[in-house]
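Peer 1: So the protein lines, in turn, are chains A and B.
In terms of my numbering, the first sequence opens at residue 1 and continues consecutively.
In terms of my numbering, the second sequence opens at residue 1 and continues consecutively.
By construction, these hints were calculated from the structure, which means they are not laboratory data.
Cβ atoms here follow ideal geometry from the backbone N, Cα and C, with glycine treated the same way.
Hints should not be assumed to be uniformly reliable.
[Stated by the list, open to error] A partial selection of chain B residues facing chain A, derived with a Cβ cut-off under 10 Å:
{"hint": "1", "residue": "Tyr17"}
{"hint": "2", "residue": "Phe29"}
{"hint": "3", "residue": "Leu85"}
{"hint": "4", "residue": "Arg86"}
{"hint": "5", "residue": "Ala89"}
{"hint": "6", "residue": "Ala100"}
{"hint": "7", "residue": "Ala106"}
{"hint": "8", "residue": "His109"}
{"hint": "9", "residue": "Glu111"}
{"hint": "10", "residue": "Ile112"}
{"hint": "11", "residue": "Glu119"}
{"hint": "12", "residue": "Leu123"}
{"hint": "13", "residue": "Gly126"}
{"hint": "14", "residue": "Val365"}
[To be verified] To give an idea of the chain B side of the interface with chain A (calculated C-beta under 7 Å), a few residues:
{"hint": "15", "residue": "Ile84"}
{"hint": "16", "residue": "Pro87"}
{"hint": "17", "residue": "Leu124"}
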Amino acid sequence: MLRVWSPLQRAWRQRALVVALARRELLARYRGGVLGFLWSLLNPLLLLLVYATVFRLVFTPRSDVRPYALFLFAGVLCWGFVSSALLDAAETFRANGPLLRKTTVAPEVFPAVSTGARFAHLVLALPVLAGAIAIAAVTGSVRPDAAVLQFPLVLVLLAAMVLGLALVVSSLSVHFGDVRDLLANLLTLTFFLTPILYPIEATPGRLRLLLWLNPFAPFFVAVHESTFFFRPVPASAWAGMIVWTVLALAAGSAVFERLRDSIAEEA
Amino acid sequence: MTLPLPAIDVRSVTKLYRRWGRKRSIGTFKSALLSGRAGRALAPDEAIPALTDVSFAIAPGETVGVVGPNGSGKSTLLKLLAGILRPTAGSVSVRGRLAALLELGAGFHPEISGRENIEINGLLLGLSRKEIARRFDEIVRFAELEEFLDAPVKTYSSGMAVRLGFSIAAHCDPDVLLVDEVLAVGDEAFSRRSLEKFAEFERAGKTLLFVSHDLGLIAERCHRAIWLDRGRVAADGPAGETVTLYRERVAEREAERRAQPAPAAPAGRATRVGSGAATVEAVQLLDSAGRPAARLLSGEPARLVMEVGAPERVTDFVFGFAISTVAGATVFGSNTTIDGFVPAELGAAGTVTLDIPSLDLAPGVYSVDAAIHAQDGSPYDYRRDVLRFEVAAEHAAAGVWSPDRRWSFSEGIRWKS
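Chain B on its own, in the form it takes in the complex (with noise of 0.2 Å):
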């Protein structure tokens, strides 16, 4: 039996970006011509290496994810093998049909319908006229814009733009599909349908690969994940140990900027309150894959969980969440009253989930609270500190807020690599 030529083949890969900087502070196209050196200014004078020596080969049918901080050369990996970028040195090779969604809906024009735009959207991921003409019910059926076909892209929410460049994309039937943190966008309903369509690829024997900083849903979806640190591949293995390797050094290297041991113990001032009437059992925090976590990295999403119980029926009661730092300052805290839900009836146990797509926290320890009151505020049971949680991030923040963020600047401020 010969093994299967690898779908995706990156060998000795290494991009370097260059930078014009110092010709473009002084280069204009007319000063160049007038000094005869419209050739040299048209060298690069200084390089910045995105990607150094990376190799990999991944399998037909493979599903792959790839992991790394913010500048680790994940983005650039993935132009490489869209064929956006070519690579300074070594080979990429894509075999079959290739789709990339960089950024979904990066091909619309605000000005003309969303039918046409289909069309363009299509021809740019290599569909032919008639493959467009042939999926085109499809495409619109799933993206579930039927009624605003005709109208300007202009005209759109951001989630319907979305849902069409998503749809676009899963109807152009790829052997290899690129996936750049786009599930992120859209409502929880929608990505699950995304979610769907990865896995109809992945049981139609397509190559996935994805880039994330879910690392929970790429420890659950992918086979193997790949670890990029300041563009070397730092792991590459089965997801799950690729995901908890990469934690793990993250919060080491937390731990040793902060020059202290990471104290992710639970409950140190553990309190409880309350007449009893109804009963928080328990309180995990759980990663987008749901398994338990003390540890989460900063902008990951996170999910509060709370078992609660009540001896007799209840109809009055409020489910509340306090996240604090363990210095004592609330950071966040919330209830189902504040959030506009009204009770109805508490019957014998059940679950409470709150769901944090993005936990924009500073890298810290957190301490949790949960309760359940009645909504004149009288505790039935308060536990204050129930749990404690880790947060690592790749770079340090002051402050308790750590959103994403980006910074740009004006010609003329340059940046050691």
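Next up, chain A with everything else stripped away, as it sits in the complex (with noise of 0.2 Å):
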């Protein structure tokens, strides 16, 4: 029963290596320009603005999401971590391919430096969403209160189950060619039916069930509750985030340990 945890506890026992690889990533990825790390701000922003414009131009937000540019923007920068960290881990073992072959590194280490250092890039954005909720709470239109500090323990199980999907998708993309190309249709389809860019209530009640089943409905919910509307989360959102994310752990661990043998071969 234990060894079900096994690839989570590898993992942990490397956390050190996890932590440098990450950074390693970060590092790498902004020493070569000059606006260096202001990208990792800017393309959000930039994903923010075309959407604010377009929904503000062509439909009139609701009047319970307005400003819609804040309501968008926690959710849009979380999914942008989810499907980031999602597509790098389809990749990571052939990416990885000579540290796989050649040192003693446990395989786990990818995936989970995919989750790690993509969840940086999301810590590192959130400057900027306290700045538009600070903006907000000036001009009047929001009124933050203490419901916001549900949002660090919500990222926490974000990240948790991002990581457990993050064990199934890279270990099957040793064996499987199109692993990337089926998920990055997948994400883009699960971005429209889980509640970014609408809140929960904005859908029939009939739909809503099913939208339940959506592992991500929770979470977006959740984040909605602390980062716009500052109400508590109901608990049937933290019930259906620790269900999903222990789910999602469970089932990657499983499958990882199953395909285990073979990265090292196969990558």
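Each of the two chains sits in its own frame; use the hints to bring them together as a complex.
Peer 2: Right, dumping it as structure tokens:
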């Protein structure tokens, strides 16, 4: 029974290496350009600007999600983390083939690095979110309170679930060449099926049940509650997040453990 | 008195490499999911044995070499010992901290500095942050990279990267060190220092296992050698004996293949011309351990030595060697003038040594000419066919050159194990 968790245990034992490799990834990415790490802020900002403009000019946002730019921001940032971490995980063994074949490193380290590095990106962009909330608060359009303190906990749970999914995606990608393409399509679809662009209240009642089967739904409900509506995250969303996180970690560990031996041979 | 527990214990190890070839060709995850056979698509459909029933134990403090032709399972064995691969059957155990040098600098990232790479490489080798910090200066000093520490590794020469990789591994203080053919790289001064480092390990009672094509090195440095042949242990014993057995076997196979005896007899058409102002007294071919050899394996290091004498002081002189096939075609020829030496003085007697790091000749018998002559070409002592030697190889090759080589194939081209 304990064996189920052994990929996670091994990744945890190697956490110093995970941190160092994630740091390396960030440093290498930002060392090249003059703007350096500003790019990690610019990308979500630009995306946000596009969404906000389009939705403001073409559709009138519902009254409960104004200012819409702020409503979108946290969700889009978090989704950016989810999709980039999983897409990275689908390539990590190919990219790190020499390390896997020539050093004694535990393969679990690599999906953990994909998750960790992208999570660090997300954290680095949080000051912009804080700034946006502060500006909106000053202009009186939102009234932030202590409910925002739930957000870090939501992020931690989200990162843990993404780690579980990254374990699945990375180990499958060793055997199947098309995992990344499938994943990219699946992520696009999921993006619209998840309450990111819209509040969950905007969905018709009979679809809402279906929405709860989407593992990401409770996370983004919680993101909206904690960073926009400033209300306590409902217990059902907490339960959903915890259940999906545990399931993702268990499934990730199990699939990874099953395919682990072939990773160094096939990568 | 009880026997010490072995540092490395390999029991009846069999390793099969599994192929997903057939399924790979149809095998996208989409089709596996659609056909509902994701589970079955993950089952291998072909198994290729890399090691079969291999057993041995190595006591702490032993230095053991592993020899064998390419494809005999040497690298697989090291990867099993390193824990990168798991045996299909049998068990592998290693006692103490293990470091594997399977490829120097395998973990380097080109975009970040040497300093950051040291930390990551150290962590990869199992050091803690604290241990790395403690050894940092020593690592940098040994690698001689003080000035380049903050430059990205992509600006390093390959020699610098190799030095850094070795230095990190050497300073992580392992109990068991696995080394795969890494001494061949780097300049000569550095290979010498790395050999000294290995000797230090040995004195400290560490266990060393290394794979090399340099049979001379193995005979000289190892207590014991294991010869792997097609995934099985063909011989396991004192290094000198194992190496001799292995050389003999390769030459035998070679002779069988050519269906003729190996004529390693010296000098059929030896001739000697020259004024005698300086003389070639003797010529020898040595293996890397410095022992005379009439037979070398293709790709081994070789050393040509000529003992020279001069009745009177000579100031205009050139030393040269040539290697040709017995049929007379020159394979190689060079001399000290060609290679840029300007003569000053040749005293009474001396030794001239030419080192060839890798004797990349195709199997066959070769003849050596050695000469001393004036810079205008007039011979003092020109000895044609002064020595013959045989080159053997596991695989025949046409022509005279047999470089280290690697084939690779795109998907869709498959081979029977």
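Peer 1: Determine for every hint whether it applies to the structure shown.
Peer 2: Results of checking the hints against the structure:
1. Tyr17: holds (6 Å)
2. Phe29: Since chain A brings a Cβ to about 4 Å from Phe29 of chain B, closer than 10 Å, the hint holds.
3. Leu85: holds (6 Å)
4. Arg86: holds (5 Å)
5. Ala89: Hint on Ala89 of chain B: violated, closest Cβ of chain A at ~13 Å, above 10 Å.
6. Ala100: Ala100 of chain B check passes; min Cβ-Cβ to chain A is 6 Å, inside 10 Å.
7. Ala106: Constraint on Ala106 of chain B satisfied, holds at 4 Å.
8. His109: holds (6 Å)
9. Glu111: It holds, given that the least Cβ distance between Glu111 of chain B and chain A is near 4 Å, below 10 Å.
10. Ile112: holds (6 Å)
11. Glu119: holds (6 Å)
12. Leu123: Hint on Leu123 of chain B: holds, closest Cβ of chain A at ~4 Å, below 10 Å.
13. Gly126: At about 7 Å, which falls below the 10 Å cut-off, the nearest Cβ of chain A leaves the hint on Gly126 of chain B intact, so it holds.
14. Val365: violated (38 Å)
15. Ile84: OK, holds: Ile84 of chain B within 7 Å of chain A, min 5 Å.
16. Pro87: With Cβ-Cβ at 10 Å, over 7 Å, it is violated.
17. Leu124: With a minimum Cβ separation of about 5 Å from chain A (threshold 7 Å), the hint on Leu124 of chain B holds.
In terms of the numbered hints stated before, the structure departs from hints 5, 14, 16, listed from lowest to highest.
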